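Now for the letters of each chain:
Protein chains: 2
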Amino acid sequence: LARIADPERKTAIFDAAERLFSARGYHATSVRDIAAEIDRQGASLYAHVGGKEDILWGVVSRAADEFFAALAPILAADLPPVEKLRRAIAAHVRVVTSSPDAATVYLHEWQQLGPARRAAVRRRRDEYEGLLRGLIAAGVADGSFAPVDPKFAGLLVLSAVNGVYQWYRPGGALDPEQIAAHLTDLILNGLLPAGKDVRKECP
Amino acid sequence: LARIADPERKTAIFDAAERLFSARGYHATSVRDIAAEIDRQGASLYAHVGGKEDILWGVVSRAADEFFAALAPILAADLPPVEKLRRAIAAHVRVVTSSPDAATVYLHEWQQLGPARRAAVRRRRDEYEGLLRGLIAAGVADGSFAPVDPKFAGLLVLSAVNGVYQWYRPGGALDPEQIAAHLTDLILNGLLPAGKDVRKECP
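Protein chains in written order, with the working numbering: chain P, 174 to 376; chain Y, 174 to 376.
Derived from the structure by calculation, the hints contain no laboratory data.
Don't take each hint at face value.
Claimed, not checked - In silico EDC-like links for lysine to aspartate or glutamate, alpha-carbon gap of 16 Å or less:
| no. | chain 1 | residue 1 | chain 2 | residue 2 |
| --- | --- | --- | --- | --- |
| 1 | Y | K324 | P | D348 |
| 2 | P | K324 | Y | D348 |
| 3 | Y | K183 | Y | D251 |
| 4 | Y | K324 | P | D358 |
| 5 | Y | K324 | Y | D348 |
| 6 | P | K183 | P | D212 |
| 7 | P | K183 | P | E226 |
| 8 | P | K324 | P | D358 |
| 9 | P | K324 | P | D348 |
| 10 | Y | K324 | Y | E300 |
| 11 | P | K324 | Y | D299 |
| 12 | Y | K324 | Y | D299 |
Said to hold, decoys possible - The following residues of chain Y were derived to be distant from chain P, with all beta-carbon distances above 10 Å:
| no. | residue |
| --- | --- |
| 13 | R197 |
| 14 | R260 |
| 15 | R290 |
| 16 | G336 |
Values in this document were obtained by computation on a predicted structure and should not be read as measured data.
Note that CB positions come from ideal geometry on N, CA and C, so glycine has one too.
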């Protein structure tokens with residue numbers, strides 16, 4: 174996509190593609206459809222971006238960048254693990270809710286990429302999951318968290334925050350910060366009340 | 174799909190469609206592809222099932238039926254809420270892991286159905302979510318669970334068990350029962366150890 178010199182036009186193409194890929198799916202969307210969304214000729218778009226898979230790759234990469242950009246400063250901060258996890262959940266929920274279309278494309282339509290790019294996306298997803306896992310492992314190590322399996326706990330956190338794109342509707346009863354707070358409370362404290370928690374016996 | 178008299182042939186068509194819809198997506202799969210999978214002529218398949226959307230509807234409905242069939246006896250049983258939740262999580266994970274392709278089609282490709290059928294799927298998903306929510310609300314009411322928001326807790330549980338289809342690979346390190354046990358432990362007990370749980374102060 175280096176051939177697109179104008180960053181505004183590039184953003185417009187990705188925005189339009191993101192909406193259409195999310196609503197109809199990658200295969201049901203043509204480059205002509207994307208071009209029509211931004212009042213351009215399909216042929217002219219092709220000349221600029223090379224092909225539909227390049228656009229999907231651009232949209233997916235942009236979404237991945239957003240998730241990493243939101244998480245990186247939290248992990249780098251000098252904060253206890255519980256506070257890092259709280260902020261990581263809020264940051265992820267913010268990315269998902271600010272663009273449910275980007276989340277849909279990143280979480281599902283990426284599978285329509287070719288093998289090499291699919292492998293690259295998988296590596297980035299694994300890397301992101303690894304960062305969450307590391308954060309949880311650090312909390313287990315210093316006693317901030319119970320001795321949970323960091324792998325499973327990381328997958329649970331990821332499932333919870335990614336799942337938001339399935340049911341979130343802008344303008345609903347709760348805003349993204351409240352959703353994040355609810356999820357964080359449940360993930361940290363679980364469903365059981367004091368005394369019934371098998372791992373947390375009171376003295 | 175009433176026109177398919179032979180249940181075995183119907184199952185074979187749905188199985189083939191499920192694999193292809195999951196791997197390639199609905200739009201990239203033709204009725205001819207499905208027919209080729211089961212060594213039949215595309216035209217003959219068309220004559221039997223009416224069209225590709227009918228096949229998608231059949232696959233999605235079958236998956237929904239499986240989830241309900243697994244959950245219903247658990248809810249009807251005379252068991253405490255914690256035990257029901259434990260079994261509901263295990264049952265859902267069992268359905269997802271026994272057929273990741275069905276889960277993928279049910280959780281994503283259903284959105285390619287026409288508006289009326291999409292609304293019908295949404296109603297069934299809402300109904301299933303409502304059953305989980307009711308189970309959690311019952312546990313909150315009798316003190317088995319902390320005073321959590323049943324809606325959020327239900328969504329968290331659903332996200333956690335549905336998320337399994339994103340990373341589960343048959344033959345991995347943990348079998349479905351162990352995955353369910355890990356998730357249940359995390360969902361019930363949370364990440365925090367005793368004493369640091371803000372909701373669970375020891376007397």
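(request) Quickly compare the C-alpha distance for K183/P and E226/P to 16 Å and report which way the hint goes. (result) Holds, because 15 Å separates the two Cα atoms, which is no more than 16 Å.
(message) Need the status of pair K183/Y, D251/Y: alpha-carbon distance at most 16 Å?
(response) violated (36 Å)
(message) So if I understand the rule, the pair passes when the alpha-carbon distance is 16 Å or less; does K324/P with D348/P pass?
(response) violated (29 Å)
(message) Please verify whether K324/Y and D299/Y have alpha carbons no more than 16 Å apart.
(response) holds (11 Å)
(message) For K324/P and D348/Y, compute the direct alpha-carbon distance and say whether it is at most 16 Å.
(response) Roughly 15 Å separates the two Cα atoms, so the pair holds.
(message) Holds or violated: K324/Y and D348/Y, Cα atoms, limit 16 Å.
(response) Distance of about 29 Å is beyond 16 Å: violated.
(request) Given the hint that K324/Y pairs with D348/P, test it: the Cα-Cα distance must not exceed 16 Å. (result) holds (15 Å)
(request) Would you mind confirming whether the straight-line C-alpha gap from K324/Y to D358/P stays at or under 16 Å? (result) holds (14 Å)
(request) Verify the proposed pairing of K324/Y with E300/Y, using a straight-line Cα cut of 16 Å. (result) The hint holds at about 13 Å.
(message) So R197/Y supposedly isn't at the interface. Is its beta-carbon more than 10 Å from every beta-carbon in chain P?
(response) violated (8 Å)
(request) Given the hint that K324/P pairs with D299/Y, test it: the Cα-Cα distance must not exceed 16 Å. (result) It is violated: about 30 Å lies between the C-alpha atoms, which goes past 16 Å.
(message) Tell me if the straight-line CA distance from K324/P to D358/P falls inside 16 Å.
(response) violated (20 Å)
Checked against the numbered hints above, the structure violates hints 3, 5, 8, 9, 11, 13 and 16; every other hint is satisfied.
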